[in-house]
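Student: Residue-level listing of the chains:
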Amino acid sequence: MHGPTPDDVFARHHRDIYRYLVRMTGQADAAEDLRQEVFLRVVRALRNGGPVGHERGWVFSIARNLLIDRRRYRLRHPTADTGVEPGKEGTQALAFGLDQALAALAEADREVFLMKEVGGLTYGEIATACECTVEAVRSRLFRTRSQLRRTLDPLG
Amino acid sequence: MSDEFNHELISAALDGEHVDVQALKGALSTADGRDALASFLLLRAAMAADTMQPPSKAVPAVIRERGGGRRSSFGFGVRIPFGVAASIVVFAAAASFWLGTVRHAGDFNSGSGRTSTQTSAVAAQPSSDPPSSFHQQETAPGVPPTPTRVLRFTPGVDWHPAS
Numbered sequence: 001m002h003g004p005t006p007d008d009v010f011a012r013h014h015r016d017i018y019r020y021l022v023r024m025t026g027q028a029d030a031a032e033d034l035r036q037e038v039f040l041r042v043v044r045a046l047r048n049g050g051p052v053g054h055e056r057g058w059v060f061s062i063a064r065n066l067l068i069d070r071r072r073y074r075l076r077h078p079t080a081d082t083g084v085e086p087g088k089e090g091t092q093a094l095a096f097g098l099d100q101a102l103a104a105l106a107e108a109d110r111e112v113f114l115m116k117e118v119g120g121l122t123y124g125e126i127a128t129a130c131e132c133t134v135e136a137v138r139s140r141l142f143r144t145r146s147q148l149r150r151t152l153d154p155l156g
Numbered sequence: 157m158s159d160e161f162n163h164e165l166i167s168a169a170l171d172g173e174h175v176d177v178q179a180l181k182g183a184l185s186t187a188d189g190r191d192a193l194a195s196f197l198l199l200r201a202a203m204a205a206d207t208m209q210p211p212s213k214a215v216p217a218v219i220r221e222r223g224g225g226r227r228s229s230f231g232f233g234v235r236i237p238f239g240v241a242a243s244i245v246v247f248a249a250a251a252s253f254w255l256g257t258v259r260h261a262g263d264f265n266s267g268s269g270r271t272s273t274q275t276s277a278v279a280a281q282p283s284s285d286p287p288s289s290f291h292q293q294e295t296a297p298g299v300p301p302t303p304t305r306v307l308r309f310t311p312g313v314d315w316h317p318a319s
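Chains as they are written, first to last, in my numbering: chain B, 1 to 156; chain A, 157 to 319.
Please note that the accuracy of each hint is not assured.
Derived, one-sided and incomplete: chain B residues facing chain A with beta-carbon distance under 8 Å [what the hints assert, rightly or not]:
1. Arg-35
2. Leu-75
3. Phe-96
4. Gln-100
5. Arg-110
6. Tyr-123
7. Phe-142
Some, not all, of what chain B presents toward chain A, calculated at C-beta under 7 Å [unchecked claim]:
8. Tyr-18
9. Arg-19
10. Leu-66
11. Arg-70
12. Arg-71
13. Arg-74
14. Glu-117
15. Leu-148
These are calculated hints, taken from the structure and not from any lab test.
The beta-carbon is built from N, C-alpha and C at its ideal position, and this holds for glycine as well.
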């Protein structure tokens, strides 16, 4: 039985991976570079045996690890632009208020929320990718949604 | 049950996670619970309406070039691992070097060019000598190799002394 081909994996996940990376970095260029690196690693991993566990969760884990590497690199080599920049050209296509509200979230909350809403991962897959418990994912998702709800509808 | 507990229950149910049905029913029985559900659904709809698209054209080519083309392959479609290909190249180079060395030694053994008319003991070696005797002569200290060609210059004919 043949495993997935790189083209198949790419076709299934590249758009959601890109959206995830854009929302996490706030920069379309950085997201595109990271997206290419994600699927290069996917290709190499497929040649060495294939995905570990659920395919979609595995691809998002790779993306998350690359984000961590990028964050560490930026800590060692600080640049003028730091953090997520909401509303810049290339990161819109989402309601401006929601864009800003997402950028204002803590990174750990944002990544869990995006994995759920953009990636469609289950709590178990998110817990594996983020190296936390299912209860932590559940709690974090609820907290994030409540915060977004308060931010977007302060009178509600 | 607190509102926060009820809302978290609704949030988890929205994500398809297993929750206590009776507790969920109780959470949705309040106006606050239903408002929370509506807010979470609107949030999900807003995220789903994200129209952002990646530049999709370049990546597959990059993946194929850098990720899928590293294996060594010949024109017959046979794929050979890089390590095996490297070993073959090294072996071929070593074999070529060895064959070249053996052939060079063989050229001396063949007796080609033995038209010498010298009467020295070295040149007088018959061409039917086995290679071993030649090698013995070759390796004898102070003994020059047998000439394969002699050029004879006649004074006054082929060369003239400087005046």
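Student: Against the structure shown, which of the earlier numbered hints fail to hold, in ascending order?
Tutor: 2, 3, 4, 5, 10, 11, 12 and 13
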